[in-house]
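Sequences are here, hints too, so could you generate the full structure?
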Amino acid sequence: MATRGFILYLISGFSVAILATFFITNPNSNLSLNHNSKDGLSLSNGLGTSDRVWPKLAFNWRVILATAIGFFGSAFGTVGGVGGGGIFVPMLNLVVGFDTKSAAALSKCMIMGASTSSVWYNLRVPHPTKEVPIIDYDLALLFQPMLMLGITFGVALSVVFPFWLITILIIILFVGTSLRSFVKGIEMWKQETILNQEYVKQQEAQSNSIHIDADYDLLVPQEEKSGLEILKSNLRWKGIFVLMIVWISFLLLQVIKNFTKECSLWYWVLNFMQIPVALVVYGFEAVKLYKESKERRTNGNMESVCEATIQWSALQLAFCAFAGLLGGTVGGLLGSGGGFILGPLLLELGVIPQVASATATFVMMFSSSLSVIEFYFLGRFPIPYALFLVAVSVAAGFWGQFFVRKLVLLLKRASVIVFILSAVIFASALTMGVVGIEKSLYMIHNHEYMGFLAFCS
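Under our numbering, the first residue of the sequence shown is numbered 1067, with each subsequent residue one higher.
Hint data in this document are derived by calculation from the structure and do not stem from the laboratory. Model, not experiment: these values are computed from the prediction. It is possible that some hints are incorrect.
Think about it this way: if two alpha-carbon atoms lie no more than 20 angstroms apart in a straight line, the pair counts; the simulated DMTMM-like pairs of lysine to aspartate or glutamate are [what the hints assert, rightly or not]:
| id | residue 1 | residue 2 |
| --- | --- | --- |
| 1 | LYS1357 | GLU1369 |
| 2 | LYS1196 | GLU1258 |
| 3 | LYS1354 | GLU1369 |
| 4 | LYS1360 | GLU1264 |
| 5 | LYS1478 | GLU1264 |
| 6 | LYS1304 | GLU1358 |
| 7 | LYS1250 | GLU1414 |
| 8 | LYS1304 | GLU1197 |
| 9 | LYS1478 | GLU1253 |
| 10 | LYS1298 | ASP1204 |
| 11 | LYS1122 | ASP1165 |
| 12 | LYS1196 | GLU1290 |
| 13 | LYS1357 | ASP1204 |
| 14 | LYS1472 | GLU1270 |
| 15 | LYS1196 | GLU1270 |
| 16 | LYS1196 | GLU1328 |
| 17 | LYS1304 | ASP1204 |
| 18 | LYS1478 | GLU1270 |
| 19 | LYS1472 | GLU1290 |
With beta-carbon atoms standing in for the labels, derived distance ranges [to be verified]:
| id | residue 1 | residue 2 | range |
| --- | --- | --- | --- |
| 20 | LEU1297 | ILE1084 | 43 to 49 angstroms |
| 21 | THR1133 | ALA1384 | 42 to 48 angstroms |
| 22 | ARG1118 | PRO1342 | 33 to 39 angstroms |
| 23 | ILE1341 | GLU1361 | 28 to 34 angstroms |
| 24 | GLY1293 | ILE1503 | 44 to 50 angstroms |
Each residue gets a CB set at the ideal place from its N, CA and C atoms; glycine is no exception.
Below, the structure written as structure tokens:
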């Protein structure tokens, strides 16, 4: 019921915001056009100037502050499984001074670095409760194709939608997902409190009991797996191979598209070719989950097919496809990895926080690296700054996972991860909201055009 209410909140909020655009549009307002040799015709619609602004990498207070924000943003963002793009873009734009397009590109570099180091760390961590990989490859195969397709839609919408509308949509989405995650964290905290109290009572009962044959009832320590054994158990080469095929397919289509004329026949053909690639992989995994879930229910086995504790139905699978597209679209609009939707969604599906974080970060690694390679070919970011920020994010991703995992074991509360996820999303809503409102007021003051923009003109 709570999930349905959340969906209704998103649909109603998005609808009102988009419809408002038709009433706010001022046909007599100024629309400034700027020509850019790299990107063709571009519009100055409140995103800031279309001119490229690349500050030099130098040791000063701006770089120090950006390093600190980037480190903690990457550390907490990857632990929560959301990446942190909502924090990186405003930081790179306001603190360091990059233009908006370059800030979004560098944000992808940071997400890629943090998610890659987090994936490497998670591959060397066992599943907390089962003898299965800590990354759910079934869910990764279900969401990754739709997420990458959604990123394509998001990039296209970022050209058409006015900046104030993007700001409102992101605030609606981030506030909703943050509050929903926070409520989920409170529910988990209460459950963990009850379990911890029961565990303490059991330990006290065992310590107070007298065993005459105590010398012969010694606990034999279980053999711990080595790092290499854990790594092998966490790898599923078939799933990784399929994900790599999808990644390479999208990469080739995107790179080839960048060498075609914008809005030409081949431009649209290459764009639409991404749809069947995504649908084939998603459809294969969806049919697999549906059949296995139905077969288990028929045999009276109520055990979940994957880490999600739901019984897969056509409606649930359709909802996951929509959520994947929505997450990718937000990633394309914002310059994030799409984890702002995927992380909370996995928790809604009943995935435990450790697995939700590992799986969301694994999927983000593919989507963010795809964008980084594409931005590299387009020359969207300075290499020295990108390497520096990637190095900061790699270190942050590793140490963030290390300390939070230790904290979870110490407190015996996985809900800590959920609270971190909620906090990062809420912080992103604040930063994006402040930047968006500031630029929207600037547009209003200058009487700039605030309606929908033409994609090809």
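Here is how each hint holds up against the structure:
no.: 1; hint: LYS1357 to GLU1369; verdict: holds (14 angstroms)
no.: 2; hint: LYS1196 to GLU1258; verdict: holds (18 angstroms)
no.: 3; hint: LYS1354 to GLU1369; verdict: holds (16 angstroms)
no.: 4; hint: LYS1360 to GLU1264; verdict: violated (35 angstroms)
no.: 5; hint: LYS1478 to GLU1264; verdict: holds (13 angstroms)
no.: 6; hint: LYS1304 to GLU1358; verdict: holds (18 angstroms)
no.: 7; hint: LYS1250 to GLU1414; verdict: holds (8 angstroms)
no.: 8; hint: LYS1304 to GLU1197; verdict: holds (18 angstroms)
no.: 9; hint: LYS1478 to GLU1253; verdict: holds (15 angstroms)
no.: 10; hint: LYS1298 to ASP1204; verdict: holds (17 angstroms)
no.: 11; hint: LYS1122 to ASP1165; verdict: holds (13 angstroms)
no.: 12; hint: LYS1196 to GLU1290; verdict: holds (14 angstroms)
no.: 13; hint: LYS1357 to ASP1204; verdict: holds (13 angstroms)
no.: 14; hint: LYS1472 to GLU1270; verdict: violated (25 angstroms)
no.: 15; hint: LYS1196 to GLU1270; verdict: violated (26 angstroms)
no.: 16; hint: LYS1196 to GLU1328; verdict: violated (50 angstroms)
no.: 17; hint: LYS1304 to ASP1204; verdict: holds (11 angstroms)
no.: 18; hint: LYS1478 to GLU1270; verdict: holds (18 angstroms)
no.: 19; hint: LYS1472 to GLU1290; verdict: holds (17 angstroms)
no.: 20; hint: LEU1297 to ILE1084: 43 to 49 angstroms; verdict: holds (47 angstroms)
no.: 21; hint: THR1133 to ALA1384: 42 to 48 angstroms; verdict: holds (43 angstroms)
no.: 22; hint: ARG1118 to PRO1342: 33 to 39 angstroms; verdict: holds (35 angstroms)
no.: 23; hint: ILE1341 to GLU1361: 28 to 34 angstroms; verdict: holds (30 angstroms)
no.: 24; hint: GLY1293 to ILE1503: 44 to 50 angstroms; verdict: holds (48 angstroms)
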